[in-house]
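Trainee: Residue numbers (this note's numbering), protein chains in the order written: chain A, 47 to 225; chain B, 10 to 135; chain C, 203 to 694; chain D, -18 to 481; chain E, 69 to 208.
If you're looking for bench data, these hints aren't it; they were derived computationally from the structure.
Be careful, since some hints might not be right.
If you want the ones that stay clear, here's a sample from chain D, every Cβ over 12 Å from chain C, calculated [what the hints assert, rightly or not]:
#, residue
1, L(-15)
2, V(-2)
3, R4
4, A23
5, V40
6, E44
7, F150
8, L159
9, D249
10, E253
11, G255
12, G346
13, V353
14, A394
15, P470
Chain B regions said to be covered by chain A (calculated; three or more residues, Cβ under 8 Å) [said to hold, decoys possible]:
#, region
16, 20 to 33
17, 83 to 92
18, 97 to 107
Quick reminder that beta carbons are idealized off the backbone N, C-alpha and C, glycines included.
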Amino acid sequence: MLLTLLAAAGLALLRGRNLFAVVMLAGIYSLLSAGLFTVMDAVDVAFTEAAVGAGISTVLFLGALALCGHHENKPGHTPLLPLFVVLVTGGLLVWGTMDMPGFGDPANPVHHHVADHYIEESYHEIEIPNVVTSVLASYRGYDTMGETTVVFAAAVGVMILLAGRLGRKPRPDGKGDGT
Amino acid sequence: MSLDLLVSHYNYWVVIFLMMVGFYILISRGNLIKKIVGLNVFQTSVFMLYISMGKVSGGTPPILLPGEEGVLYSNPLPHVLILTAIVVGIATTSVGLALAVRIKEAYGTIEEDEINAIDARTEAAE
Amino acid sequence: MSAHLPILQVVVPLLAAPLCLFLKRGRVAWGLAVLASWAALAIALALLGQVMQEGVLSYAIGDWLPPIGIEYRVDIVNAWVLVIVSGIGAVVSPYAMTSVEREVEAERIPLFYAAYLLCLCGLLGITITGDVFNVFVFLEISSLSAYALIALGRHRRALTSAFRYLIMGSVGATFIVIGIGLLYVMTGSLNMADLAQLLPEVWDSRTVKVAYGFLTVGFCLKLALFPLHLWLPNAYTFAPSAVTAFMASTATKVAVYMLLRFFLTIFGAPFSFDVMALDRVLLPLALVAIASMSLVAIFQVNVKRLLAYSSVAQIGYMILGVSFATVTGLTATLLHLFNHALMKGALFMAMGCVMYRIGSVHISAMAGLGRRMPWTMAAFVAGGLSLVGVPLTVGFVSKWYLILGALERGWWPVAILVLLTSLLALVYIWRVVEAAYFRDFPGDEATREAPWTLLGPTWALVALNLYFGIDAGRTVGIARQAAEVLMAGISP
Amino acid sequence: MTTLLLLSLAVPVAGAVFIVLLRRNPNAREAASLVTAGALFAIVLRIYQAVSGGARPEVTLAEPLPGIRIALEAEPLGVLFALIASFLWIVTTAYSIGYMRGHHEKNQTRFYLFFAFAIASVMGVAFAGNLFTLFAFYEVLSLATFPLVTHAGTDAAKRAGRVYLGILFSTSVVFQLLGIIWVYAVAGTVDFEPGGILRGHVGAGLVPILLALFVFGIGKAAVMPFHRWLPAAMVAPTPVSALLHAVAVVKAGVFSVLKVTVYIFGFDFVAETGASVWLMWAAAATIILGSLVAFTKDNLKARLAYSTVSQLSYVVLGAMLANSLGVIGSGMHIAMHAFGKITLFFCAGAIMVAAHKSEVSQLNGLGRRMPVTFAAFLIGTLSIVGLPPTGGAWSKWFLGVGSVEAGQIGLVAVLMLSSLLSLAYLLEIPLRGFFGKEEAGGEGAHGETHGDAKAHADAHAHHGAPRWSVAAITVTAAACIALFVYPEPFYRLMTMVAGQ
Amino acid sequence: MREEVIVRVGAKVLAPFIITFALYVHFHGDYSPGGGFQAGVILAAAFALLALVYGLDAVQKVLPPRFVRACAALGVIIYAGIGVVTMVLGHNYLGYDALAEGHAGQHYGILGVELGVLVTVFGVMVTVFYLFAGRGRRTQ
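With the rest of the complex left out, here is chain A (with noise of 0.2 Å):
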């Protein structure tokens, strides 16, 4: 049901010319994947998604809009060329998809290697009942460490981008003005 809400926003998304619509529809789209996460367990990283895909980016994009005008113009020509692209890239995903082992299988080797080891034995290593928590920032703290350093280096970015004194344009011919 929710996969198919989502389906619908995605449909929707393609469709639509007005930007504001669209992001409204992003932000929906984010709230129903995070719906979708709860349903798969994923609790955490549900509130993560509705607090940033629903959100903070929202938010953002419709700052970005506010500067930007949200008309989007009528694509100029029919993209055959990005079709075949998508269809050949999902079809190969499809087809891949194949050997996977089934949806949900608790026998999947994906679910023992080494997730064994943390429901198994985090609990007496770290003593934290919330597994994710242990394994975000303790076993693979060091991955936390290097998205605590993206989202500084996003805002490093932003802050090039957008801190500078308004009005001063990079010079189209691009030439230094030797100052």
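Position chains B, C, D and E relative to chain A; hints supplied.
Mentor: Chains B, C, D and E in isolation, oriented as in the chain A frame:
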């Protein structure tokens, strides 16, 4: 293609369909903001693919209930990976949007073909 | 402390980056960046020495043994790449001071160095890690900061190029994530060494093959292999000079490394070459990239773009070496990683000197510079000759092994093509040389040579170009050893 | 002994440094050039003494790639080449002083500087201990001579420079380098060894291909169709044409062909496999075609250039004969042609400076005003054609006998025909000079020059060529004759090469 | 906007709750979903809300841009710094067991790094919000 396969993989396939919708928006649309929306949809769908992998039928969220034996928990590792990926996604989105804003200021438009036309004109004038 | 070198390699620039934000003065931030870059180089060299003596180093982050925790794993292959990346960082960072002050507004300079350090840290992180998901995280650190650095260019097209890079880079990264996910679902592991042992059991599953395909596309986007190179030329053209010099010498190299690491260490040479026929896929792509991009480079009027197209062609040479599927071929690839970093770094830095004085890198702006800026143009000529592959330069060393590799496989037409395309390099370099030495200088009589703060680092790279062209024994030795390690797969 | 080898490279480089340091004072600068040239010749002479005594000094400078060294080694063939080049450098420097000043050339410091670099790389080529070293100095030579070719800085010079570098680089990179790496791939070494290194490593089918890669890849040997750079390079000032394009550069080419044939392939091995037969005929074709083209050229330097193309292939032919007589003739011809052709170029330059004449058809009667120059031209002609009493007779003799021994009677006919042709197109010049009727105004077809210029030209013609230049011409012409009487040093060196 | 008293009061009332919720999410991350990242986002959202209602300037007075920028950098330093501390204490990087005996070490470590994440995420989100909002105001 057996029904069995269909049932056990239906979830993946819908997710792949969504992924491709996002990917298609990303590569076929000329509007820069729409492209970023597409990227978001694409990435969110990839997250769903990961979370689908971590799901164990009949499992519960991986928050341990000490003292209770025999509880089937879902795999926490994909959740952790996706938490990281979500953060990376929002980081990319914010930088992309900031770029779009600057492009709008510099060119007066965020439509790719119009930008290309402007660039071609200035290049020819040089 | 030496046991902690692997992690320090990444943490030093990572910690220096946020510190830059507390610094108001650009010069201080610059000093910090230089310090961190040189520390990184020192660590990388120490690691290379350690690896050559003691073999593979493994560092368990958070005391969690792999595959439970994240592992840093240094063997001779990535120690070599670490030296390349940090070495270029160590040369470019001193150069950046003068160049950046000219090309970037003063209030953004500390941010510039923060982004530069993040980029460096990301690239080093990708290289050193032994965990596939960690690759993705650091890939994003380096990419995000790279987008911002490129957008700092003065021309408004820097913005559009950065945006295009962002889109294509994110697609590449997402493809890589999909590939990693599919591998994970088949094995349950994220550790490279662990994956290498688990994968053979599931070799014949379609999922692994599709994962392989997605990873290939993802890496090729990141390393700008023709025809997925579209983001590169403009990004290199419009970025600030120091950024171009740094990125051109490191970013694509690290992407090539990722490809080697995934395909040869994780999947293993037998799977890549025998099952997936990677060599037969890459060979035509590499040849087309070399030939077509060299030709395109000839017709460019912006010298930075000319060099950018040349970079795409040179990436073709690296991939060509992989496609030989032999130790000699990989030796050529690994050598060229290093050698190309040296020559392209020198060339782009020379262009930065021109940008500093003339404010343009259009080929017509080079007119008469041979007399006005003799040292700059001499550096360009030296770097250019190295690119062409004249003997006694590093370019020749790479070419030698590439052709040797082709002849070993009995592919003499490939050898001839490599030689012919190096002549194309001569043509496009020579266009600049002719402009510089045979035309009269139209500009201001007061135009002088670039300041030594720019020339010093540029010439340092030129000197390395010559030194490692005359005494390549050590580099060849390391590259060959690394190639053997790659071909042999991972040692348990 | 090894110090001498190193000095042979270091001295010209040091000379270059002094030339730059003394650039403010032309007299001191030229003196530095002369002293350097003299010192270099003295060094090479000492090496000659040692080598003819059986010594084979060698020194390794660096090892760029594992197993591949930059090494210098003095062996007879290299010594022969070094002797010629270093001796003629002295003479050419003397000549240049007169020519460059007489012609009021610009950028004279740059000229002497790159000249010195070119000589340094020629020494490197001569004493190269292996293929790699040879290739490296060969390329450096191309680069060092490029500024000399484009000395004038005009559009024509720029175009010529492109052709020059284009052909030399493309052939060397595409064919020669491929050949070198191929040799390394099959033999595991690129060192020059007496008797060659390929025997036992290469099947008979591959030898002709490899040999062709070298013969055509050494573009400086100007085997057709890769000869176009040589006439193009004639835009350079005459001393450059004289030393570099008649002696050093082209001889570096044919020398390399000979050296590769002898020390990489081994001429016995070439003869056994019959790899060189079609290459002989390629050389023969170049000999004839070069002569024919020379006939059609009215421009004196162009005619000499095509004559050079033709004569170079004699050397290549000698190497391809792959027997000891052919090799001796080949080596001798390097020497004899060098002295003969430099004389001719010197004369052409002297005529240009003194009388501002560059076309053959303008030379009528000039010999009576410049008797020394035209007499020398005659001697040079005889030596090129191969007539006694000049040194050229010896090399032609050995080449002819070598062809007979190789069983290629057809080639003897080619040699005869070509000698006749060259006699015809070269003899025309002294004949016009001495017996032609001088046209009124002395300007021939281009009679519209202004009175001033004419007076100027006449004044020069009466004074004759600059003294420095005349002295140089006399020396080389005398050498042509002396080598007929006493070819001993070159002959001895070549028998050492051929005898092994 | 001045007339919309309800909104202003509402925001004023809401904001402390949101902040409290954020802190709850942060410190309760060990037992239920949540942690530094989510807490940082929520905290930032609280200030974004205040900014929407009271205007950017008012919020920037309480929370100067320079401060949030410093937060963004500080969080990374805290996180990476904890790693350095464990290293100095003789363990591997981010080996929390160095911090204290038994499981407490792990707890301190996790709490510490989560704090780093919180600080950075909060700083970054507010910075980015300020920049977008500020840009919009200046272009109008």
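Trainee: Look at each hint and say if it fits the structure.
Mentor: Do the hints match the structure? See the list:
no.	hint	in the structure
1	L(-15)	holds (22 Å)
2	V(-2)	holds (16 Å)
3	R4	holds (14 Å)
4	A23	holds (28 Å)
5	V40	holds (15 Å)
6	E44	violated (6 Å)
7	F150	violated (6 Å)
8	L159	violated (6 Å)
9	D249	holds (26 Å)
10	E253	holds (24 Å)
11	G255	holds (22 Å)
12	G346	holds (40 Å)
13	V353	holds (38 Å)
14	A394	holds (36 Å)
15	P470	holds (32 Å)
16	20 to 33	holds (count 14)
17	83 to 92	holds (count 10)
18	97 to 107	holds (count 10)
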